[in-house]
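Going line by line, the protein sequences match chains H, E and X.
Read left to right, the first sequence gives residues 197 to 539 (my numbering).
Read left to right, the second sequence gives residues 197 to 539 (my numbering).
Read left to right, the third sequence gives residues 197 to 539 (my numbering).
The set of hints was computed from the structure by calculation and includes no laboratory data.
Hints are not guaranteed to be accurate.
It does not matter which identical chain is meant; a pair holds if it fits inside one copy or across any two.
Okay, derived cross-link-like pairs now, EDC-like style, lysine to aspartate or glutamate, Cα gap no bigger than 16 Å in a straight line [unchecked claim]:
#: 1; residue 1: Lys484; residue 2: Glu494
#: 2; residue 1: Lys314; residue 2: Asp243
#: 3; residue 1: Lys484; residue 2: Asp355
#: 4; residue 1: Lys276; residue 2: Asp430
#: 5; residue 1: Lys276; residue 2: Glu345
#: 6; residue 1: Lys276; residue 2: Glu349
#: 7; residue 1: Lys364; residue 2: Asp375
#: 8; residue 1: Lys276; residue 2: Asp355
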Amino acid sequence: MTQSYFALGFGIGTRNSRDEWLEVFFPRPLLNPDQQTLDAIAECGHDTSTPLHELSSENLNAISSALKSTDAEQAEIVGKLATSNQPKVLVILASDSPPNSVPEGYLKLHLISHRLVKPHGTDLTGLFGVLPNVAWTNAGAIAVDELAEAQLEARLRGDTLEVSCVDKFPKMTNYIVPDGVRIAHTARVRLGAYLGEGTTIMHEGFVNFNAGTDGPGMIEGRISAGVVVGSGSDVGGGASIMGTLSGGGNLVNSLGTGCLIGANGGTGIPLGDNCTIEAGLYITAGTKVVLLDEHGHEIEQVAARELAGQSNLLFRRHSLTGAVQCLRNKSAIELNDELHAHN
Amino acid sequence: MTQSYFALGFGIGTRNSRDEWLEVFFPRPLLNPDQQTLDAIAECGHDTSTPLHELSSENLNAISSALKSTDAEQAEIVGKLATSNQPKVLVILASDSPPNSVPEGYLKLHLISHRLVKPHGTDLTGLFGVLPNVAWTNAGAIAVDELAEAQLEARLRGDTLEVSCVDKFPKMTNYIVPDGVRIAHTARVRLGAYLGEGTTIMHEGFVNFNAGTDGPGMIEGRISAGVVVGSGSDVGGGASIMGTLSGGGNLVNSLGTGCLIGANGGTGIPLGDNCTIEAGLYITAGTKVVLLDEHGHEIEQVAARELAGQSNLLFRRHSLTGAVQCLRNKSAIELNDELHAHN
Amino acid sequence: MTQSYFALGFGIGTRNSRDEWLEVFFPRPLLNPDQQTLDAIAECGHDTSTPLHELSSENLNAISSALKSTDAEQAEIVGKLATSNQPKVLVILASDSPPNSVPEGYLKLHLISHRLVKPHGTDLTGLFGVLPNVAWTNAGAIAVDELAEAQLEARLRGDTLEVSCVDKFPKMTNYIVPDGVRIAHTARVRLGAYLGEGTTIMHEGFVNFNAGTDGPGMIEGRISAGVVVGSGSDVGGGASIMGTLSGGGNLVNSLGTGCLIGANGGTGIPLGDNCTIEAGLYITAGTKVVLLDEHGHEIEQVAARELAGQSNLLFRRHSLTGAVQCLRNKSAIELNDELHAHN
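I would like the entire structure built from these sequences, with the hints used as guidance.
And the structure:
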């Protein structure tokens, strides 16, 4: 076999009373699993061209033994899964096709949060349709149509069922906390977020799935689905980054490196490197902007969408005239030109 | 008897060490309970003109039996309550008068969140004075003056008492999750919120008590107490809706159908249908607005309060002049005129 | 001995598997402990010039007995700590020097949240370096490098390890809820926040460590590290207060008494008393502001930093010209002058 598989994961999860999957936790997902791992699984009698394998403890013990010589760490985890009487599943994704099941969807979200693939690095087409709406509680995941009964039963016992989230996406930190990050309030980072090393998400920060930061960076505002923020960039308190070019549809927004969006500011256009938007200013694609030269003289008036992705821009609203202005940082531009000249 | 009662609920709750109610959970509150239910309760020896009835398991078993033929579902719940040694209470509200006790206040909040009455649909006068400030923890509701002791005791055992809220109002989802909603972060929806079917409250969304959405809608901003957002309306990330006409006092704000408040925007006036406020713009009642005709020519300058409740308006701040403008969508206005002509 | 000690606390906490402190809970920290307390500790054989004392139950019982006659309440708490097999520690800070250990850092944060010292009232130099990054879970504090294992073990048992925060600072309410406050969503108030009596922190409110409110006040926006908000001041929904004069570096921001920052507004300068910033307006130090006299005539144009700390100012952006204006409230100024004349 020479085929390179996309991904693989041994998971443990939750099903509703109709035995439908609600969620799956993959302690050690693999991107492009090596051939030995696939062979070991095949030798234990599992068809590696099939994506979903609901495994017994016996199955897992056999696979654990088969993996011992080639991947001791995975073997240990698989052996531990074998000790649990919770539902266990093996997901094998031969190729990166749209997820067809809850376990497949969860494996893909894990791949991103484990930093194995970047946002947009795996096909999530149709994910919303695949994932069920789940009540996330202190007693684990509960099907929403089984919640009221569980709440009453808890009350009868004198307990409280704490329902922290009712959503298709759980919080990331209950599945994986990647190295070198702080997340002051974890409810605001969905599984499927990608947080680069050195990222701090403050209490007002938010990161959707299939979005994130290259890190390091200080995130005190909202990173919408699909958006990636470059290293060394700060998103100020309450700042907003629209998911796609505002009014534009398909162009996904992003921030380059060394950017700053001030508190309560926002952007509806992608920014290049070293861009700043002042606190309280929201730039949308249609915002008409006065471009100023290094002497503060007007060059021209353009719609912000024409500046999409450009570097070394500073956006502000002149506080006497109300005009939104864009200054180019001359030294930065020269540096940039030089860099381009050596590309 | 021909009197129509306002509401009724069998509850299970928490009391402090002085036997004062802290909170009550009503699994199945009733609006306008039918006469059979009231008769069954009366037959069991309870005076239905009295609002509060602290019930023993024996009382509940008797009522459960009496209800079996007329309301099997309620009978089952009452029977379950009988099995618990937690404090149980029956609240009967003959009329919709201001709440006089914690159980009455909680029943009214349940009525709204169960979608049995709309916001402003029940008299909540004096509710703040009736409800105690409570520490909401993973061990249930704890009186704030008994919290420090409970925290120390938990620590001695090696446990943590997780205090998630110190407030008069608990989170809604620990009492009821209505059908067809998602609430990404439940701490931001108070009991007493009304979420219409199809409502999604994102992480930055917030809904106060006696406020809510007709649904469907995407709520990523803040719905203040008293505010109702019409169906098909979106409240953008971090957007703010003041509770009453800003500076105006009594007029409660609301959004009609098909509205959009852009991210980090806000309104201090009620909006009619199909209105838009651009991202980052906050309209207050006193904001002077340039009204533009369909050709972009100025019609007049008005204070935003004069536009309160009107439909088909688009508010923006011109990014070159700083002037707040209001455009009327001509086709929408014609449609609106036609609708009015057929009223 | 005549030396006045700075602070003292008996704590119970958590250590990682390498016996390093992760966090400490001090149920009753003392500022300037009296000589009898220090003597009692010394008599039990502990050198009060040493800051850290890891105590056995035997040690604690002895100290509890020695304290009984001079501080019965502390004696009782120390006696309770003796009953626990969790790690116990006594911290004695002879002087207010920078914290050198996790227990010292936590004692200082407790001093602020217990209202024993005000923000900036204790030396926190180097605190970030002293405190470890911790995973705060429903099973208590867990070292981040031991979290993945704990998460897997919980899953094998069918439990969920709820990871609510991954940060150097825990939420305040799991350590202390001061009297007379409401905190609608506790995840947004860090240990080390100072909340004056009568403070309400709504769901969108946030208070960092070494910051807070004199109370009473309604906080629906963000109080950055170092900032103090005076009594009777309201911070509107989503409003932002920068930690230091924007662009200025060292001058810490603050709000005086009776101020209001409107929803989604913000300030990068300190405000005096009775100042208002309208909803949606962000004032930074560099904002050029048109000063108006009582007739609405322009006096001059100044940078907002020149107005730092002044009282009786109202900031707004004129909605037709886009100019940021500052009005002085004449009657308030006269009142203020009169107050000053009688100082």
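To see whether the hints hold, each was checked on the structure:
Taking CA atoms no more than 16 Å apart as the test, lysine 484 paired with glutamate 494 passes inside one copy only; the shortest distance there is 13 Å, against 19 Å between copies. When the C-alpha separation of lysine 314 and aspartate 243 is checked against a cutoff of 16 Å, the pair qualifies neither within a copy, at 29 Å, nor between copies, at 55 Å. Proximity of lysine 484 to aspartate 355 under the C-alpha cut-off of 16 Å is found in neither arrangement, the shortest distances being 57 Å within a copy and 54 Å between copies. Taking CA atoms no more than 16 Å apart as the test, lysine 276 paired with aspartate 430 passes in neither setting, with 40 Å inside one copy and 46 Å between copies.
When the C-alpha separation of lysine 276 and glutamate 345 is checked against a cutoff of 16 Å, the pair qualifies only between copies, where the shortest distance is 11 Å, while the shortest distance within a copy is 32 Å. In the homo-oligomer, the alpha carbons of lysine 276 and glutamate 349 lie at most 16 Å apart only across protomers (8 Å), although the nearest pairing inside one protomer, at 31 Å, exceeds that limit. With identical chains, the CA atoms of lysine 364 and aspartate 375 are at most 16 Å apart between copies only, with a shortest distance of 14 Å across copies and 25 Å within one. Taking CA atoms no more than 16 Å apart as the test, lysine 276 paired with aspartate 355 passes between copies only; the shortest distance there is 15 Å, against 30 Å inside one copy.
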